[in-house]
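Asker: For reference, the chains in residue letters:
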Amino acid sequence: MRIKCRHGYFIFEETKVGQISDFMSRFGFEIESVGDHYTFADLVDTPRHTILGGPLLNFVATKTFEGEPWELFEANGVVYDFNLGLVVPIASVIQATSIQLAGNRYVSPGLILPGSVTVDGERVMDYSAWYSRDTLRFLYSEVGFV
Amino acid sequence: MSEILDATCNATGVVTAEGKPVTVATVLSEGKQQSAGLLFIQGDKAWFIPSSATDIKTTIEKLISVIEKTADSVTQIATTLTSIGAGMTGPTTAPPPTLGADVVTLNLKVTELNAVKTELTTLKGALK
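Heads up: the protein sequence lines correspond to chains A and B, in order.
Okay, so the first sequence: first residue is 37 according to the numbering used here, each after it adds one.
Okay, so the second sequence: first residue is 894 according to the numbering used here, each after it adds one.
Pulled out of the complex, with its shape left as it was, chain A reads as follows (with noise of 0.2 Å):
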């Protein structure tokens, strides 16, 4: 299953029938279907813009934007904490992170959570990641930090 998080905002992408249902009973995230994609289920109803002030699901906007959501999420300054079940600002994000070189891929133990600070002191933003359920790994591509 692939998953990309751009800018805190999650997208799943299933490339077997099931690996979605399987991802969300062993790691009891629910995830949902949104327009052309899946996402975390907090994340369904993302607006298509936010005025300062105003409401960015949980969060209050701090910029008038219109855009997709992971541009509105970049725009706010946001990202998806997804052990919190809440949109927060990615600079509130303290949690560290491992992410090795693995070949031509990156390994981290489970799921990187965005604006996670791996050793170098990088901030992660967004990534591609490719998760086995055969081998119970993340492998991660493209990783990209603030």
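To be clear, the hints were calculated from the coordinates, so they are not data collected in a lab.
Backbone N, C-alpha and C fix where the C-beta goes; we use that ideal spot for every residue, glycine too.
Mixed in with the good hints there might be a few duds.
[What the hints assert, rightly or not] Just some of the chain B residues that point at chain A, by a computed CB distance under 7 Å:
| # | residue |
| --- | --- |
| 1 | E896 |
| 2 | V907 |
| 3 | Q935 |
| 4 | A939 |
| 5 | P988 |
| 6 | L992 |
| 7 | D995 |
| 8 | K1010 |
| 9 | L1013 |
Model the placement of chain B on the given structure of chain A, informed by the hints.
Answerer: This is chain B only, laid out in the frame that chain A set:
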């Protein structure tokens, strides 16, 4: 893509949408009077376009009023000339007895036309 929202703009040009002021909005109008309209948001840009229907309606109403008053004035002139002509049947040079009242009426029409002109000038300065 863009988003279109209902919005208002007050006389100082502050646009409000979804209960929040939209300080980045560019007002595409004179913006000198309270108005309702639409807010277009695209990326980090926003534009407010007011509904100008009430401005247009008021302008047309006043133009109709001008035409009516002008027609009344011309009719009054014709009436006055008819009265003068009716008196031109002998050696008298005396004006018709209605001339004074007719001139007063004509001057009243001029005053009314000037009043409408003032109203249109005010409307021009308060266009939404």
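Asker: Are the hints correct? Go through all of them and say.
Answerer: We went through each hint and held it up to the structure:
Hint status for E896(B) relative to chain A: holds, with the closest Cβ pair at about 4 Å, below 7 Å. Annotation: V907(B) was flagged as interfacial toward chain A, and the flag is violated, the nearest CB pair being 13 Å apart, outside 7 Å. Interface hint status for Q935(B): upheld, as the beta-carbon distance to the closest one in chain A is roughly 6 Å, under 7 Å. The interface hint given for A939(B) holds, since its Cβ lies 6 Å from the closest Cβ of chain A, which is under the 7 Å cut-off.
Interface restraint check for P988(B): the shortest CB-CB distance to chain A comes to about 72 Å, outside 7 Å, so the restraint is violated. The interface hint given for L992(B) is violated, since its Cβ lies 68 Å from the closest Cβ of chain A, which is over the 7 Å cut-off. With 7 Å as the threshold, the beta carbon of D995(B) stays out of range of chain A, its nearest partner Cβ sitting at about 63 Å, so the hint is violated. Because the smallest distance between the Cβ of K1010(B) and any Cβ of chain A comes to about 42 Å, over 7 Å, the interface hint for this residue is violated.
Interface restraint check for L1013(B): the shortest CB-CB distance to chain A comes to about 37 Å, outside 7 Å, so the restraint is violated.
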